[in-house]
Amino acid sequence: MRIQELIIKNFGKFSDKTIPLRDGVNLIYGENESGKTTLHTFIGSMLYGMERGRGRAAATDTFSRYEPWENPNYYAGAVRFVCGDRTFYLQRNFDKYGKSASLICEDDGEELSLEDGDLAALLDGMQKSLYESTVSIGQSETKTKEALSIELRNHATNFYATGDEELQLDGAFQYLKEKKRELDREEREQELARQEKRDAVENEASYVWRDLHKLQQELEEAEDKLDRAAEERERNQKQLEFFQKRIQEEERQEKARPKKWRVHPAAFIAMLLLLIFAIVILEPPWNYLWAIVIFLASSLYVWNKMKDGRRVQSEPAEENGREEETEEEHFDRAEEKLRWEADRIREEYRDKEIRYENLKEQLEELSEFEDSSETFRKKREALQIAEKRLRDLSDQMQKEIGYRLNKRISEIIQELTDGRYEKLLADDEMKLFLLKDGRKITLDQVSKGTAEQIYFALRMASSEILYEEKFPIILDDAFAYYDDTRLARILEWLSGQGCQIILFTCQKREAELLEDLGIEYHYVNLSE
Numbered sequence: 001m002r003i004q005e006l007i008i009k010n011f012g013k014f015s016d017k018t019i020p021l022r023d024g025v026n027l028i029y030g031e032n033e034s035g036k037t038t039l040h041t042f043i044g045s046m047l048y049g050m051e052r053g054r055g056r057a058a059a060t061d062t063f064s065r066y067e068p069w070e071n072p073n074y075y076a077g078a079v080r081f082v083c084g085d086r087t088f089y090l091q092r093n094f095d096k097y098g099k100s101a102s103l104i105c106e107d108d109g110e111e112l113s114l115e116d117g118d119l120a121a122l123l124d125g126m127q128k129s130l131y132e133s134t135v136s137i138g139q140s141e142t143k144t145k146e147a148l149s150i151e152l153r154n155h156a157t158n159f160y161a162t163g164d165e166e167l168q169l170d171g172a173f174q175y176l177k178e179k180k181r182e183l184d185r186e187e188r189e190q191e192l193a194r195q196e197k198r199d200a201v202e203n204e205a206s207y208v209w210r211d212l213h214k215l216q217q218e219l220e221e222a223e224d225k226l227d228r229a230a231e232e233r234e235r236n237q238k239q240l241e242f243f244q245k246r247i248q249e250e251e252r253q254e255k256a257r258p259k260k261w262r263v264h265p266a267a268f269i270a271m272l273l274l275l276i277f278a279i280v281i282l283e284p285p286w287n288y289l290w291a292i293v294i295f296l297a298s299s300l301y302v303w304n305k306m307k308d309g310r311r312v313q314s315e316p317a318e319e320n321g322r323e324e325e326t327e328e329e330h331f332d333r334a335e336e337k338l339r340w341e342a343d344r345i346r347e348e349y350r351d352k353e354i355r356y357e358n359l360k361e362q363l364e365e366l367s368e369f370e371d372s373s374e375t376f377r378k379k380r381e382a383l384q385i386a387e388k389r390l391r392d393l394s395d396q397m398q399k400e401i402g403y404r405l406n407k408r409i410s411e412i413i414q415e416l417t418d419g420r421y422e423k424l425l426a427d428d429e430m431k432l433f434l435l436k437d438g439r440k441i442t443l444d445q446v447s448k449g450t451a452e453q454i455y456f457a458l459r460m461a462s463s464e465i466l467y468e469e470k471f472p473i474i475l476d477d478a479f480a481y482y483d484d485t486r487l488a489r490i491l492e493w494l495s496g497q498g499c500q501i502i503l504f505t506c507q508k509r510e511a512e513l514l515e516d517l518g519i520e521y522h523y524v525n526l527s528e
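Numbering (the working numbering), first residue to last: 1 to 528.
Treat the hints with care, since some could be wrong.
[Stated by the list, open to error] Each computed DSSO-like pair below joins lysine-lysine, with the alpha-carbon atoms no more than 30 Å apart: (1) K379 x K180; (2) K352 x K337; (3) K128 x K9; (4) K128 x K179; (5) K399 x K177; (6) K352 x K225.
Just so you know, these hints were derived from the structure itself, not from any lab.
Please build the complete structure, drawing on both the sequences and the hints.
And the structure:
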């Protein structure tokens, strides 16, 4: 990647200013407050955009620090760069009310999408944090950042395991962590649901069991009543048969018995007196007529009395028979009602019994579901195994990437120090130390200039390992602690890397050293 032009429309102190850049070394000179850091920030903002801080941080964030001095509502710029063999024009509007960005390929006019990741693809996936930790070096910022350590670990594991740097190691660990949380949450939810279901089934089963006992008692009572009713019916049947036989016997005896006159003597005396009265007192022929009438009436009276006597004798047995028949009908109705009630209770009992068996089966099934805890255990073990393998792979590849990194930074520091230090090593946390004559030397044991060289070597080696694309190396007064010898060596090393170098400086010695070394460079003077 090579930047051809910086087109500052309105950014910080600059307005309508275009700065052309070339391949190789670009030396941008400017005295203090001339805008070198502004241009450095402009390049990063064009490539990665600019996000506003929140709350109090907004007052001192990058957006506020580089807001245009004049006409702040017009906050924009563009950059023309080459990637591969194609030229692109990227422009941005940073205004908080009209923020926008566009990317166009000038070779064919194709408009690319920043939202879909087209710019990120051109940048070889280099994120802003890695840009700031490798190829973009500000004033007193030679020391690397934590993001570089993380990215190197990701690169090591991903590239070795898949041959593809798209995957991220931290993302894989985060995925496993999230899976563990999901598994725990799912297990808790299932256990809670099972417990709620188990409680509901057990409660219902308890109620059904209680109803079964109650129905059992009711059924026993109904059957007992039926038994007693049957016994009572049998007694009544025997009594009815007894009274029927008695009536038949009395009727037979009545027919066989000679008829008796059962008339009170006073009745005969009264009839005799009436007859004498009619014959003696009345005149003939009325006396004979009345005598005949009295005789007939007396005869009829006597006949009726005899008939009533026979009826009176037979009525008690007949009455008892009728009462037994009525009671029999009553027992029939009562027994039928009892049978109906017993059948109803049996049917309800069967329904409750079936429901109770179903509830027992549900409880058994819920008990079987408890075996799912074994499934969760196996899944958790699988996640633990995956995490362990990933960590083992990470450790293995950190060693391999560490070897490659240590080899390359050792080569760079050897060139920069003219062989004074032959071996530079970095641990997993990107802590650096030198080996000299079998002795371990930490960075706090070396000069500030040497420490700056070491951090520079780490940045450059990391950039080479992480990205195939050669990015412009941007240095903003990064060599303040370098003496002329160190500066000459690093300028010579940079010129031989085959990438674009953008060097901001407030001193003139860089230009003088480039001239002395015979290194071609493009010069821009911001003070003019």
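Now for the hints, and whether the structure bears them out:
1. K379 x K180: Holds - the C-alpha atoms of K180 and K379 are around 9 Å apart, at most 30 Å.
2. K352 x K337: With a Cα-Cα distance of about 23 Å, the restraint between K352 and K337 holds, given a limit of 30 Å.
3. K128 x K9: 23 Å, holds
4. K128 x K179: 29 Å, holds
5. K399 x K177: 24 Å, holds
6. K352 x K225: Within the cut-off at roughly 23 Å; holds.
The structure agrees with every numbered hint stated previously.
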